[in-house]
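Novice: Protein sequences appear in the order of chains A and B. Residues 1 to 143 (our numbering) are what the first sequence spells out, left to right. Residues 144 to 470 (our numbering) are what the second sequence spells out, left to right.
Hints listed in this document are in silico derivations from the structure and should not be mistaken for laboratory results. Idealized CB from N, CA, C, for every residue including glycine. It cannot be assumed that every hint is accurate.
To be verified - Label pairs and their calculated CB-CB ranges:
1. Pro-100/A <-> Lys-265/B: 29 to 39 Å
2. Ser-391/B <-> Lys-129/A: 30 to 40 Å
3. Ser-111/A <-> Glu-376/B: 19 to 29 Å
4. Gln-58/A <-> Glu-348/B: 22 to 32 Å
5. Tyr-5/A <-> Arg-312/B: 45 to 55 Å
6. Gly-131/A <-> Gln-306/B: 30 to 40 Å
7. Gly-131/A <-> Glu-249/B: 48 to 58 Å
8. Asp-355/B <-> Glu-121/A: 34 to 44 Å
9. Gln-58/A <-> Pro-427/B: 20 to 30 Å
10. Arg-312/B <-> His-69/A: 30 to 40 Å
Here is what each chain is made of, one letter per residue.
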Amino acid sequence: MSEQYEPNIVAFLCNWCSYAGADLAGTSRVHYTSNLNVIRVMCSGRVNPLFAVNALQQGADGVLVSGCHPGDCHYMEGNYYARRRFALMRELLEFIGVEPERFNMSWVSASEGAKWKDVVEEVVEKARKVGPFDQFRRNKINW
Amino acid sequence: MVDLEKLRNAAKEIVSQDDVKYLIGWRDGTFGFRISPHFMESPEEADKLIFSPLCTNNLATYLTMAEKLPIPRGEEPDRRKVAVMVKGCDSRAVVQQLVEQGTNREEVYIIGCPCEGVVDIKKIEKKFPDVLESVEARWENGQIVLKLPGGEQSFPREEVLAQKCLTCRYPNPVLADTVLWDEVEVLGVEEYEDVKELEGMDSKERWAYWQDKISNCIRCYSCRNVCPMCYCEDCVLERLNPTWMFRSVNVAENTAYQLARAFHLAGRCIECGECERVCPVDIPLMKLNRKLYKEVQEDFQFEPGLDPESKPLQASYRPDDKEDFIL
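Looking at chain A on its own, in the form it has when it is part of the complex (with noise of 0.2 Å):
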């Protein structure tokens, strides 16, 4: 294969910081990896853990979850709960043999640019290590 594979990233950025974060990047003239797929969400607390599975079955390589961090929820406490949850999905997903580089959450604030550029080169950097994935990805219906 001449062409380097680019890993499909889905990040869920939560409305109040990352997403904000990551237009501090944009409007900063930040340079990054184009490889994510962003999707805004209000609160980290509003992502189900099986819209990470959703994702990899459909397409990603890799899972990006974001937020606030602790204390600095606009809901005071979403951000707590979906920690407690990925952390639980995480250990799952590991257990069935999803190698754990593809399923990654941070907290970026709204005032992070350069840090939402690091952990985007970070993901980035671990989905391409770890290949594309093919484990349980949806198959293609053809009507």
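Fit chain B to the supplied structure of chain A, relying on the hints for placement.
Specialist: The following block gives chain B in isolation, referenced to the frame of chain A:
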């Protein structure tokens, strides 16, 4: 010691109370080692009740299964109690339902049956594949005695008991309105050997293992239906809009289903082992559940189904939860 006379008398007394709708217990099944649930509405039916090492069924499932018909205008809902006979593990299922408000404490009467462990039907049916008439069984001096057509035979615990009973730390009901006989000694120690063995493999081997098992899944949903904790009226498996789960039977969709099922039981599974018992294709579902049980215990110092006053794991948090995985 199991005392059937006492059990039947207690059942008669409880079911004749005005505020008890019916009683759920166990009775002999129609063939082999099978046991049926016994729904008892009058004291006359008490003679069929039994309690033996064959009573594997978790009757807490039926508490949430009862059909809830719409109440005609001007009538009061029937708030009489449902009496249910529980082993140690079943009582934890009831407690967890109470925690989640799936069952109302005022509407359930818990009859505790301390239990020395139930058999693994799959293990015995492998030993005696052709037994058709109904078999009786009892505990005796730490052994299991089966009354087979050819005469009585006794087996040591390790040989016939279900895996969950060998590692059971809660053989006595944790919550009961009456306990029928003396509490039994706790013999089980949980060491998660099978889970640790899988954890020791690398992710490719683990996936190969699970792919092999999960590809057998026929999506009969028995594991969900029998689970005392799976009682959502609107289940992700049946939702069509949005479609969370495809119904196709292939490795990809089966894996997503098994992940969803296991994840929805994280911090809720009380290890009654019913899912694995009813699985027609022998998927080791309890390994998934036990893995999460272990993680919940290690990471959050939480065990489900012990304290009716506790909060559900995923509906609560502590500011200092572990976050070593966060970038």
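Novice: So, for every hint listed, does it hold in this structure?
Specialist: Each hint, compared with the structure:
no.	hint	in the structure
1	Pro-100/A <-> Lys-265/B: 29 to 39 Å	holds (33 Å)
2	Ser-391/B <-> Lys-129/A: 30 to 40 Å	holds (31 Å)
3	Ser-111/A <-> Glu-376/B: 19 to 29 Å	violated (44 Å)
4	Gln-58/A <-> Glu-348/B: 22 to 32 Å	holds (26 Å)
5	Tyr-5/A <-> Arg-312/B: 45 to 55 Å	holds (48 Å)
6	Gly-131/A <-> Gln-306/B: 30 to 40 Å	holds (36 Å)
7	Gly-131/A <-> Glu-249/B: 48 to 58 Å	holds (56 Å)
8	Asp-355/B <-> Glu-121/A: 34 to 44 Å	holds (36 Å)
9	Gln-58/A <-> Pro-427/B: 20 to 30 Å	holds (27 Å)
10	Arg-312/B <-> His-69/A: 30 to 40 Å	holds (38 Å)
The structure does not agree with numbered hint 3 stated previously, though it agrees with all others.
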